[in-house]
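These protein sequence lines map, in sequence, to chains D and X.
Numbering follows our numbering, in which position 19 of the first sequence is assigned residue number 19; successive positions increment by one, without gaps.
Numbering follows our numbering, in which position 1 of the second sequence is assigned residue number 1; successive positions increment by one, without gaps.
Just so you know, the hints here were simulated from the structure itself, not pulled from any lab data.
As the structure is a computational prediction, the values presented were derived from the model and not from experiment.
Do not take every clue at face value.
Said to hold, decoys possible - DSSO-like, lysine-lysine: derived pairs with alpha carbons at most 27 Å apart: (1) D/63 - D/77; (2) X/3 - X/273; (3) D/139 - X/147; (4) X/4 - X/216; (5) X/147 - D/77; (6) D/223 - D/63; (7) D/139 - X/273; (8) D/139 - X/4; (9) D/189 - D/63; (10) D/189 - D/217; (11) D/139 - X/3; (12) D/352 - D/325; (13) D/77 - D/189; (14) D/217 - D/205; (15) X/3 - X/216; (16) X/147 - X/273; (17) D/63 - D/139; (18) D/139 - X/216.
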Amino acid sequence: MPILSTENLNAGYGRTVILENVNIRLAPGQILTLIGPNGAGKSTLLATIAGRLDPLGGTVFLKNEELSTIPPARTAKTLAVMTTERQDPELMTCREVVSLGRYPYTGRLGITGPRDREIIEETMALTEITDLADRDFTKLSDGQRQRVLLARAICQDPEVLILDEPSSFLDIRHKLELLGILKDLVRRKNIAVLMALHEIDLAQKFSDFVLCVAGGKIDRAGKPDEILTESYIRTLYGMTRGCYLPESGSVELPAPEGSPSVFVIGGGGSGIPVYRALAREGRAFYAGILHESDLDFPVARALATEVVGAEAWESFSEERIEYAKALMETCTGYICTLESFGTMNRGNEELKACAESLGLRDLSADYMRPYSET
Amino acid sequence: MNKKLRYLTTYTVLIALLLLLSGINVVSGSISIPAEELFAVLFGGQADSTYAQIILGIRIPRILAAVFLGGALSLSGYLLQTFFANPIAGPFVLGISQGAKLVVALTLILTLRHGQIPGSPALILAAFAGSLISTGFILLISRRTRKMSLLVICGIMIGYICSAVTDFVITFASDSDIVNLHSWSLGSFSGTTMANARFFVPIVTAALLLAFLLSKPISAYLLGEASAASMGVDIPRFRLCLILLSSLLSACVTAFAGPVSFVGIAVPHLIKKLFGTARPLVIIPATFLGGALFCLLCDLIARTLFMPTELSISTVTAFFGAPVVIAIMLGRQKR
Chain D
1 MPILSTENLN AGYGRTVILE NVNIRLAPGQ ILTLIGPNGA GKSTLLATIA
51 GRLDPLGGTV FLKNEELSTI PPARTAKTLA VMTTERQDPE LMTCREVVSL
101 GRYPYTGRLG ITGPRDREII EETMALTEIT DLADRDFTKL SDGQRQRVLL
151 ARAICQDPEV LILDEPSSFL DIRHKLELLG ILKDLVRRKN IAVLMALHEI
201 DLAQKFSDFV LCVAGGKIDR AGKPDEILTE SYIRTLYGMT RGCYLPESGS
251 VELPAPEGSP SVFVIGGGGS GIPVYRALAR EGRAFYAGIL HESDLDFPVA
301 RALATEVVGA EAWESFSEER IEYAKALMET CTGYICTLES FGTMNRGNEE
351 LKACAESLGL RDLSADYMRP YSET
Chain X
1 MNKKLRYLTT YTVLIALLLL LSGINVVSGS ISIPAEELFA VLFGGQADST
51 YAQIILGIRI PRILAAVFLG GALSLSGYLL QTFFANPIAG PFVLGISQGA
101 KLVVALTLIL TLRHGQIPGS PALILAAFAG SLISTGFILL ISRRTRKMSL
151 LVICGIMIGY ICSAVTDFVI TFASDSDIVN LHSWSLGSFS GTTMANARFF
201 VPIVTAALLL AFLLSKPISA YLLGEASAAS MGVDIPRFRL CLILLSSLLS
251 ACVTAFAGPV SFVGIAVPHL IKKLFGTARP LVIIPATFLG GALFCLLCDL
301 IARTLFMPTE LSISTVTAFF GAPVVIAIML GRQKR
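The task is simple: from the sequences and hints, build the whole structure.
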């Protein structure tokens, strides 16, 4: 049974609908991530689901109750929001900030009882901020600050947690720490999480489900690996240059234009740095012969003018080798990143010999020498 | 526990200082009163001597005004700072005091022309109406900008406009009571009577209690509006309460003492630094106490520094308050 769901929800500001017909179902313990370009309406949707904006049509259900009919004080016991608006509350310690999370449970004057204090200390331990407890909140680094704000939201003891780009502005270590802590908390406390993320590579790894927001609607929804294909990411974000490779989670430059003058013989991951170096220089190249299962293959496909590919787990066919030789004849140089050859890629050894007999310049040294030797 | 001790000592010191300053205020002035005469009047029931008239008719009402109106002003500033999330918001810089002053001046002139002297309730109502008009303008502006400096500049301009209209009206009012009006429009605790105190003491006390009951939502609001909303604060209702309370408080002050500058900004800031916390539960009563203390001190200086000439209270509060504002602005620059 979903704990949070929406039915034909329209979200927007004033009378302007930004997102139409949103249907979400979120079960306890699941992480659902919204991705999509800036301005697509991710924050608007989150604000509407959190009850900060009124729906412009449709309904939000929290535990099968219509959200708009639940008094805010009761909603706060089920649904917490980790806000990312920048605030500098002066003279507040981290413990005081975290304590505010007990707001829905404390009395008229907001004084915390022994049980509240227990929960506060426990939450601070889980979010690894116990040693920051008495520090001034405004003097924290961004990473620490986000963990304190997460602890505040967790202190509310919610069943649903909403986060709007919690990891933007953090460095890689703090991104991973924050999302790692979040993931552990979700599993431990069986919290349902709805969040927007900027980083598709992280969304891919931390989410159970992904919703793609674009063009005024939920464009696609499903498991991250079904959704986040290279071509779909390209259309979702309207990318015109370069690409995102979901297999490795890497971002690649656009392939160099012009007619290729170099042939790169690679394989097993050894070609990747050379492809990238050529792409940086804007020098067009051919890559081959690569098995379709090779680590180099996706990167070569993204960056090379043409990749001579071959069926996985098979030796290269004569036809592929001849085709590669034909491409090689149009080049003036070659690079071989392989030091030895096995039965499966014997064809590449033949190709290297062919390059030498064609009199192509061996550029390997230029692209493979470590920086300290240049 | 360490913190609780700090709160307790600071409170004790503030209350002791308040009593001490009240004592000094009672006995000193153009006529100084010997201690034994003071006790004779307070506890001996000698209500008809000259001393008794000075103490009960002039000095004690004036002390009540400084304590309650000073506290009200400081609390009003604190509430406005919370509302606008702006450390230099206050009834004076946002033009709220001047708005109240304008409507009170108009009311005074109109009623004096008909040979009547308006009572305290009428004055409070007029000041409240004036406060709300200025507040309304500020709210309209605050919708269009979140920049703290811009908001304050607009407030100061509204204040100037209101003051200009007030001066204009006073210049052309042809009444003998204009002298009174003039000194009131500069701000002063002089001339407060026990009858006035009977109005402002209960109103200010009630507002203080209500503000104290708002401690919890105010604490949530410190983290921003979205946070507060997510914790279950009914934001529109809360904002309405804040704005009505702060307007009522500053209206009360303006009705009886005229516009008084800087107390609303300087005192809450000093109090937070003194207590080392921003917890509303601790800070709200302390802000009130601090405002009372600050105004008692400033009034003492205003009365006695150039005896028998009295300074306007704003002259003194500005002298101490303005440097604090500069310090706040520079302190924030550093971050």
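These are the hints, each one checked on the structure:
1. D/63 - D/77: holds (12 Å)
2. X/3 - X/273: Between residue 3 of chain X and residue 273 of chain X the Cα gap is close to 13 Å, so the pair holds against 27 Å.
3. D/139 - X/147: holds (22 Å)
4. X/4 - X/216: holds (18 Å)
5. X/147 - D/77: Given pair residue 147 of chain X, residue 77 of chain D is violated - Cα atoms ~33 Å apart, limit 27 Å.
6. D/223 - D/63: At roughly 23 Å apart (the allowed maximum being 27 Å), residue 63 of chain D and residue 223 of chain D satisfy the hint.
7. D/139 - X/273: Given pair residue 139 of chain D, residue 273 of chain X holds - Cα atoms ~16 Å apart, limit 27 Å.
8. D/139 - X/4: Roughly 23 Å between the alpha carbons, so the hint for residue 139 of chain D and residue 4 of chain X holds.
9. D/189 - D/63: holds (17 Å)
10. D/189 - D/217: Status violated; Cα separation ~31 Å.
11. D/139 - X/3: holds (20 Å)
12. D/352 - D/325: Roughly 10 Å separates the two Cα atoms, so the pair holds.
13. D/77 - D/189: holds (14 Å)
14. D/217 - D/205: holds (24 Å)
15. X/3 - X/216: holds (19 Å)
16. X/147 - X/273: Distance of about 24 Å is within 27 Å: holds.
17. D/63 - D/139: Between residue 63 of chain D and residue 139 of chain D the Cα gap is close to 39 Å, so the pair fails against 27 Å, i.e. violated.
18. D/139 - X/216: Distance of about 24 Å is within 27 Å: holds.
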